[in-house]
Amino acid sequence: MKESQIRVKVELDDQNIPEKIFWKADDSGEQGLQETRAFDLNIWDHERKETLRIGLWGKEMTVEELKFFYIDAMGGIAQNIMNATGDEKMAAEIHQLCKRMSDHVVELRNKEGK
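Position one of the sequence shown corresponds to residue -17 (my numbering), numbered consecutively onward.
Since the hints were derived computationally from the structure, they do not count as laboratory data.
Check before you lean on any hint, since a few could be wrong.
Unchecked claim - Lysine-lysine pairs mimicking PhoX-like chemistry, simulated, CA-CA at most 25 Å apart:
(1) Lys6 <-> Lys(-16)
(2) Lys49 <-> Lys2
(3) Lys93 <-> Lys49
(4) Lys2 <-> Lys41
(5) Lys71 <-> Lys49
(6) Lys71 <-> Lys31
(7) Lys6 <-> Lys49
(8) Lys(-9) <-> Lys41
(9) Lys81 <-> Lys71
(10) Lys49 <-> Lys81
(11) Lys81 <-> Lys93
(12) Lys41 <-> Lys6
(13) Lys(-9) <-> Lys49
(14) Lys(-9) <-> Lys2
(15) Lys(-9) <-> Lys6
To be verified - Just the calculated beta-carbon pair ranges, DEER-fashion:
(16) Lys6 <-> Asp85: 32 to 40 Å
(17) Ala20 <-> Gln78: 18 to 26 Å
(18) Asp85 <-> Glu42: 21 to 29 Å
(19) Asn(-2) <-> Glu75: 36 to 44 Å
(20) Leu34 <-> Asn(-2): 16 to 24 Å
(21) Lys81 <-> Met(-17): 36 to 44 Å
(22) Asp22 <-> Glu89: 18 to 26 Å
(23) Glu75 <-> Gln13: 38 to 46 Å
(24) Asp85 <-> Leu23: 25 to 33 Å
(25) His77 <-> Ala7: 24 to 32 Å
(26) Arg35 <-> His77: 20 to 28 Å
(27) Glu47 <-> Glu75: 21 to 29 Å
Since the structure is predicted, the reported quantities are computational estimates derived from the model, not experimental observations.
Ideal placement from N, C-alpha and C gives every residue a C-beta, glycine not left out.
Given these sequences and hints, build the entire structure.
Rendered as structure tokens:
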């Protein structure tokens, strides 16, 4: 049996707020740790029938970047649902929500003049 690991390293400030986040997946083909500004992990606890979550973002990540990060993550979830279950309606609903949220973030940016 093959094994593969995903590692996450978080550098914290003196108040335990993430300064920098690094990650490495054995199968990624990349050498060494890669820096990222956000990390979100969801794990299904089959005994409790609930999701366990770890969501981290670094100090340098902007609010807009964080919003787009989660919109993009939800789009990925929609694709995973489609691939795993074939439920086109559920995937389409999530994609439509992502489109509305993306439009909302762009509208906020335009209102703020960025």
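Status of the hints after comparison with the structure:
no. : hint                           : verdict
1   : Lys6 <-> Lys(-16)              : 17 Å, holds
2   : Lys49 <-> Lys2                 : 19 Å, holds
3   : Lys93 <-> Lys49                : 16 Å, holds
4   : Lys2 <-> Lys41                 : 8 Å, holds
5   : Lys71 <-> Lys49                : 24 Å, holds
6   : Lys71 <-> Lys31                : 23 Å, holds
7   : Lys6 <-> Lys49                 : 24 Å, holds
8   : Lys(-9) <-> Lys41              : 15 Å, holds
9   : Lys81 <-> Lys71                : 15 Å, holds
10  : Lys49 <-> Lys81                : 12 Å, holds
11  : Lys81 <-> Lys93                : 18 Å, holds
12  : Lys41 <-> Lys6                 : 20 Å, holds
13  : Lys(-9) <-> Lys49              : 23 Å, holds
14  : Lys(-9) <-> Lys2               : 8 Å, holds
15  : Lys(-9) <-> Lys6               : 9 Å, holds
16  : Lys6 <-> Asp85: 32 to 40 Å     : 35 Å, holds
17  : Ala20 <-> Gln78: 18 to 26 Å    : 24 Å, holds
18  : Asp85 <-> Glu42: 21 to 29 Å    : 26 Å, holds
19  : Asn(-2) <-> Glu75: 36 to 44 Å  : 37 Å, holds
20  : Leu34 <-> Asn(-2): 16 to 24 Å  : 20 Å, holds
21  : Lys81 <-> Met(-17): 36 to 44 Å : 41 Å, holds
22  : Asp22 <-> Glu89: 18 to 26 Å    : 24 Å, holds
23  : Glu75 <-> Gln13: 38 to 46 Å    : 40 Å, holds
24  : Asp85 <-> Leu23: 25 to 33 Å    : 28 Å, holds
25  : His77 <-> Ala7: 24 to 32 Å     : 26 Å, holds
26  : Arg35 <-> His77: 20 to 28 Å    : 22 Å, holds
27  : Glu47 <-> Glu75: 21 to 29 Å    : 25 Å, holds
When the structure is compared with the earlier hints, no violation turns up for any of them.
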